[in-house]
Each structure stands twice: as C-alpha cells, then as structure tokens.
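Chains as they are written, first to last, in my numbering: chain A, 36 to 335; chain B, 36 to 335.
Don't take each hint at face value.
Copies of one chain are not kept apart here, so a pair can be met inside one copy or by any two copies together.
[What the hints assert, rightly or not] Simulated crosslink set (BS3-like; lysine-lysine; CA at most 25 Å straight-line):
1. Lys317 <-> Lys234
2. Lys317 <-> Lys237
3. Lys325 <-> Lys295
4. Lys272 <-> Lys144
5. Lys37 <-> Lys273
6. Lys295 <-> Lys103
7. Lys52 <-> Lys112
8. Lys178 <-> Lys284
9. Lys63 <-> Lys178
10. Lys295 <-> Lys66
11. Lys330 <-> Lys69
12. Lys63 <-> Lys112
13. Lys63 <-> Lys325
14. Lys306 <-> Lys317
15. Lys136 <-> Lys114
16. Lys317 <-> Lys259
17. Lys272 <-> Lys112
18. Lys66 <-> Lys114
19. Lys64 <-> Lys234
20. Lys325 <-> Lys284
21. Lys114 <-> Lys37
22. Lys325 <-> Lys259
23. Lys172 <-> Lys259
24. Lys69 <-> Lys306
25. Lys114 <-> Lys272
26. Lys64 <-> Lys189
27. Lys189 <-> Lys63
28. Lys136 <-> Lys112
29. Lys234 <-> Lys259
30. Lys317 <-> Lys330
Source of the hints: derived by calculation from the structure; they are not laboratory data.
Number of protein chains: 2
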Amino acid sequence: MKKLVESVPNISEGRDKDVIEEIVNEFKKFKNIKILEVSSDESHNRTVVTIVGNVDDVVEGLFYFTKKAVELIDLNKHKGEHPRIGAVDVIPLIPISGITKNELNNYVKLLGERIWNELNVPVYFYADSAANEERRKLPNIRKGEFEGLVEKMKEPNWHPDIGNPIPHSTAGATVIGVREFLIAYNINLATPDVSIAEKIAKSIRESSGGLMYLQARGFYLEDKNCAQVSMNILNFKKLPLYRVYEIVKMEAEKYGTYIKESELVGLIPLKAVLDSFSFYIKLPELNLDKVIEYKIWGEE
Amino acid sequence: MKKLVESVPNISEGRDKDVIEEIVNEFKKFKNIKILEVSSDESHNRTVVTIVGNVDDVVEGLFYFTKKAVELIDLNKHKGEHPRIGAVDVIPLIPISGITKNELNNYVKLLGERIWNELNVPVYFYADSAANEERRKLPNIRKGEFEGLVEKMKEPNWHPDIGNPIPHSTAGATVIGVREFLIAYNINLATPDVSIAEKIAKSIRESSGGLMYLQARGFYLEDKNCAQVSMNILNFKKLPLYRVYEIVKMEAEKYGTYIKESELVGLIPLKAVLDSFSFYIKLPELNLDKVIEYKIWGEE
C-alpha cells in the first residue's frame, strides 16, 4: 500500500523568481513527488508550494528543499506583510491515504531532527504534532517573528522542540506539524439574498457554536447573482461532507430557499468521496480498495 | 494520463492446475498488470481470469496469455458443461479510466490481427466491437461450439472477422470485444418478504420493460432474514447507481418497506462513485482529477 501524503511548505521569499525556482526544483529531483501548485505573493514576500507523493520521498524532498532555502534566504534582509520566523517558515504534513496521523508524526520527528542536525535550524512542532496546547496554533509560535526569536527562545516555555534555543542566524527556526486535510467547499443558494447565507453560516460554524471543524462565511456572488455559504471543513473524518450538505439544505429550507449547487475548491481525498457516497446509498462496508483505480495504483 | 482497462479472459481449462498456472503466469511478466482473480470451475472445465492495467501492457499480456493457452490446450480432448469454441474462448476488454470505448476498440482490432497472424487462430468480434447485431451476443457466435466450428465457419455470414474461415485445429477460434464495466449491486430490504423483492425486480429490469441496462432478481437471504433485490448494472454511464438506488427506494415505499442497506459485489470504477456522489451533493463539475489519488496515480 502506498503511503500518500500532502505537504504545503511556506518559504519566506515571494519576489525573486530565480531563488524560488531553485528551491522548488529540489522537489523535481524526486520521481514520486508531484508539485500541484506554486503560489508566490509579492506583498507577503512568501511562496506556498503544494506537493503530494509517497511519504518517504516527500520527507526526503522536504529536507533538500529546506536545505536549499536555508542557503538562499536571509531573513535579516526579508521584509513582507506576512508574519514569519524562518526561511522555511512552516511545513504542514497531511495524511491522504495508506498512512495514519500517528505514523506520519514519526516522520515529522525524523525530519525535525535532520533539519537541526544537518542545517542547524531549531524546530518547533505545531498542530497535531504539538507538545502542548499552546504550541498547537501557529500564531502563538510565530509571535515576535524572526526579529524577536533570539529573546523568545531563551524563555523556558519557548525552547524549541528540537535543537538548542538559538535561532539560525539567517534562517531562524522552522515549524513542522501534522494536520488533517482541509476541504474547501462552497454551497450556492437559489437566492441573491446574502443575509440568508450569512445567517446560515453563523448558525453552523464552530466559532459561533455550531459544528466543530467547520468554518463558514456568507458571500454574494455577482457573476451568478446568488448567495453563497463558503466553508472550510478542517477534519472531514469527523465532519463528513454529506453532513455539511444536509445541514445547509435544512437551514436553507427554513428561509424558504434551497441549494442550487455546490463546488469543491481544489482537491478532495478519495476517502471523503467514499464516506458521502456510502452514506447516500447506504453502503456500510465501502473501503478504498473497492475502487478499481485505488486498488491498482494504491497498492505496490 | 494512464489508460486503465480491465480484461476478463476465459480459457477452456479448469482442471489441470499446472496448465492453468503456466498460462496465467504470462501476465506476471508485466509489472503494470495486476491479476485480481483467477477462478477455475472443474465441472465447466473453464478458468476466468480478471486483470487490470495500462492498456498497452494488458493487450501485450493478453497476446502472450493466448499464445501459451493455444500451445497447451487441445479442444479435441476438452469436455465440460460450459459452451466454448476456443482454447481462449472469449476476451472481454473494459475501459476503466483515461480511455474511451472507441480507442480501446482499436486495440481490440490489433490484438485480433496479431492472434491470427502469429497464432493462426481466427477471431470474432462481439459486444461493442461486433460488426453486426447478430455478433453482439456471445451465444450466437458460440452456437455449435468447437465441434461444429469447421462447418459453421464455411457459412458466409459466419466467416470470422479476422483470418481465414478455418478454425485452428486444436484451439478453435477466439472471440474478442469491448464492453462496459458491469457493476454487481444488491439492495437489502427491511422485510423478509421475498415476493416484494421479486415484484420490485420485475418492475425495474430491462427484460420486463423497466430500465435499460438493468438486470434484477429477487432473493431471500437466510443469514440476514431479509429480501434482496440483486442487480447487474450493465452500463453505469447510462444508468448511474444513484438512479437505481432511488427507484428501488421509491418502489419499496410502495410496499410499505424501505432500504436497509446496499452492497457492491466486486469492484467499482471511480467514475461510477463520482457520478453518484456529485448527484447527491449537487456538484455539477466533478471530474476524476479532483480526487487527489487519481490526480497523483492516474497521470504519468
């Protein structure tokens, strides 16, 4: 069974195309890594790379990607709107299929140790790899940024998880962690009344006391002249797509409207598709390897 | 994009395990062919092999599989309950993803020509590769069997599609054709009354004037003490799974019962899953390459 993972490393360089290319090219040396997107933002002065592949290759590729970024990026000269503490600021790792979060977490630890041992960059673990609640959230770790890192690291509760409490002189520190795949999912309503989308969003999102793992906002889409409930599902295993759809459907009826269509922004893991498919046609025992394509390509 | 196809060749040997193994082993020489099942029946004296893989490898593998079967099987000595006209009796080819039926049909023609040119076995095309309506159905071609083939082939309307009208002296003729993937799908009802399952089956199947591409029968399942509508969906592109589910659901309500659960027998192509998934959550633009696993493994 292939162990498929995604990673979305962020580097603190969004302007110098040659530097960005040289760093991203490290991934191209791996046959089993696929680069899905490279997105640079000049005002943030930051580039976000999305890759997918077999876990061994992805972790190996991330090390060489980090090595090159540490060589080429000097945070003492870096200016940008987005907060950052490292040349490679954050490396999220996401299990897709054939691997659990716990198993992936072991890879995260090895990657962190290698980055410290070979590159002298201290490492923090965040998200589901965090050692305590305070470190789960990236903004807590990043607070004070690169410029405040020498002082911050001296505080005992901000010692890094791996390495001595001394930032790398040009590359700062790197934050690594396992998190769940995020599904960006929008539902368009059969009404142009944005207040309905806003009321639905408010009643279902976690921050307003609704469903855990759900972020939601209401928008008006000019090109389609309709209201949209725009959502992020932060954990599709605990909050399956069909439940989100059915709850929005129910709430829409309350306001005398209905769902016109829905849309996925970006990709979706096969497991998320199967969970909803099997809900609707009452297939209790549907596994990934019932799908021909997965059976062929997911096994080695 | 990988061109994924399935094939289910049938050979006229179901008893001699050494012979069967030697023939099936031809597929093991291909890294990109996966053998899903080898099912031998002694009374039929016949073996059905299920393989999946990239179209080029599958077609190449099928040739060497046929070559070996022609070498090792002598139909003059063959006895069994199942009708047959060839050592390799029939080779169905099924498009799974990344390839159309028309494109696959070109491969079928090349395979047929090679079997004639190099092995001297004449070839008939059936199913969606048939030259006329009469040849669409396998029983029409197979009528008279191996023993009657010398005479049958002399009739102008039973000349083979490829090769001279003379059967191979020990291997007869081979029938090849493209067909759609068949989904074996059962729905269990919340009642032990088999007459309800039978009435539903009769009202929805093609042979009784219901839905095209649907075969259906009613059964009683002793282990679950429930009635089952057991179905084959012969073309899931024209008759999607959700439509079958929803119609059985509707009919069950008519008899005061409901669907307890459904089950897939064997595998399902990703496209069939996506078609139903996108129906239920109104996702009009869902393509295979929105699914991460397909995007990674389906593209080369």
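Now for the hints, and whether the structure bears them out:
1. Taking CA atoms no more than 25 Å apart as the test, Lys317 paired with Lys234 passes between copies only; the shortest distance there is 21 Å, against 31 Å inside one copy.
2. Taking identical chains as interchangeable, the C-alpha atoms of Lys317 and Lys237 lie at most 25 Å apart only when they sit on different chains, with a minimum of 22 Å there against 30 Å within one chain.
3. Within a single copy, Lys325 and Lys295 get their C-alpha atoms only as close as 31 Å, which misses the 25 Å cut-off; across copies the closest is 21 Å, which meets it.
4. When the C-alpha separation of Lys272 and Lys144 is checked against a cutoff of 25 Å, the pair qualifies only within one copy, where the shortest distance is 24 Å, while the shortest distance between copies is 46 Å.
5. With identical chains, the CA atoms of Lys37 and Lys273 are at most 25 Å apart within one copy only, with a shortest distance of 23 Å there and 33 Å across copies.
6. When the C-alpha separation of Lys295 and Lys103 is checked against a cutoff of 25 Å, the pair qualifies neither within a copy, at 47 Å, nor between copies, at 57 Å.
7. Taking the closest pair of Cα atoms, Lys52 and Lys112 come within 25 Å of each other only inside a single copy of the chain (16 Å); across copies the shortest separation is 73 Å, beyond that limit.
8. In this assembly of identical chains, Lys178 and Lys284 lie within 25 Å of each other by CA distance neither inside one copy nor across copies; the values are 40 Å within and 56 Å between.
9. In the homo-oligomer, the alpha carbons of Lys63 and Lys178 never lie at most 25 Å apart, since the shortest distance is 33 Å inside one protomer and 57 Å across protomers.
10. Taking the closest pair of Cα atoms, Lys295 and Lys66 never come within 25 Å of each other, the shortest separation being 42 Å inside a single copy and 46 Å across copies.
11. Taking CA atoms no more than 25 Å apart as the test, Lys330 paired with Lys69 passes in both settings, with 20 Å inside one copy and 9 Å between copies.
12. In the homo-oligomer, the alpha carbons of Lys63 and Lys112 never lie at most 25 Å apart, since the shortest distance is 28 Å inside one protomer and 58 Å across protomers.
13. Taking the closest pair of Cα atoms, Lys63 and Lys325 come within 25 Å of each other only across two copies (22 Å); inside a single copy the shortest separation is 32 Å, beyond that limit.
14. Taking the shortest alpha-carbon separations for Lys306 and Lys317, both the intra-copy value of 16 Å and the inter-copy value of 18 Å come in at or below 25 Å.
15. In this assembly of identical chains, Lys136 and Lys114 lie within 25 Å of each other by CA distance neither inside one copy nor across copies; the values are 35 Å within and 56 Å between.
16. Taking the shortest Cα distances, Lys317 and Lys259 sit within 25 Å of each other only across copies (16 Å), while inside one copy they are farther apart (34 Å).
17. Within a single copy, Lys272 and Lys112 get their C-alpha atoms no closer than 42 Å, and across copies no closer than 58 Å, so neither meets the 25 Å cut-off.
18. With identical chains, the CA atoms of Lys66 and Lys114 are never at most 25 Å apart, being 34 Å at best within one copy and 51 Å at best between copies.
19. Taking CA atoms no more than 25 Å apart as the test, Lys64 paired with Lys234 passes in neither setting, with 49 Å inside one copy and 61 Å between copies.
20. Taking identical chains as interchangeable, the C-alpha atoms of Lys325 and Lys284 lie at most 25 Å apart only when they sit on different chains, with a minimum of 23 Å there against 30 Å within one chain.
21. Taking the shortest alpha-carbon separations for Lys114 and Lys37, neither the intra-copy value of 40 Å nor the inter-copy value of 44 Å comes in at or below 25 Å.
22. In the homo-oligomer, the alpha carbons of Lys325 and Lys259 lie at most 25 Å apart only across protomers (22 Å), although the nearest pairing inside one protomer, at 38 Å, exceeds that limit.
23. Proximity of Lys172 to Lys259 under the C-alpha cut-off of 25 Å is found in neither arrangement, the shortest distances being 36 Å within a copy and 49 Å between copies.
24. For the identical chains of this complex, Lys69 and Lys306 are neighbours both inside a copy (20 Å) and across copies (22 Å), given an alpha-carbon limit of 25 Å.
25. Taking CA atoms no more than 25 Å apart as the test, Lys114 paired with Lys272 passes in neither setting, with 39 Å inside one copy and 54 Å between copies.
26. Proximity of Lys64 and Lys189 under a CA criterion of 25 Å is satisfied in neither setting, with 38 Å inside one chain copy and 61 Å between copies.
27. Proximity of Lys189 to Lys63 under the C-alpha cut-off of 25 Å is found in neither arrangement, the shortest distances being 38 Å within a copy and 61 Å between copies.
28. Proximity of Lys136 to Lys112 under the C-alpha cut-off of 25 Å is found in neither arrangement, the shortest distances being 36 Å within a copy and 58 Å between copies.
29. In this assembly of identical chains, Lys234 and Lys259 lie within 25 Å of each other by CA distance solely inside one copy; the values are 20 Å within and 45 Å between copies.
30. In this assembly of identical chains, the alpha carbons of Lys317 and Lys330 lie at most 25 Å apart only when taken from the same copy (22 Å versus 27 Å across copies).
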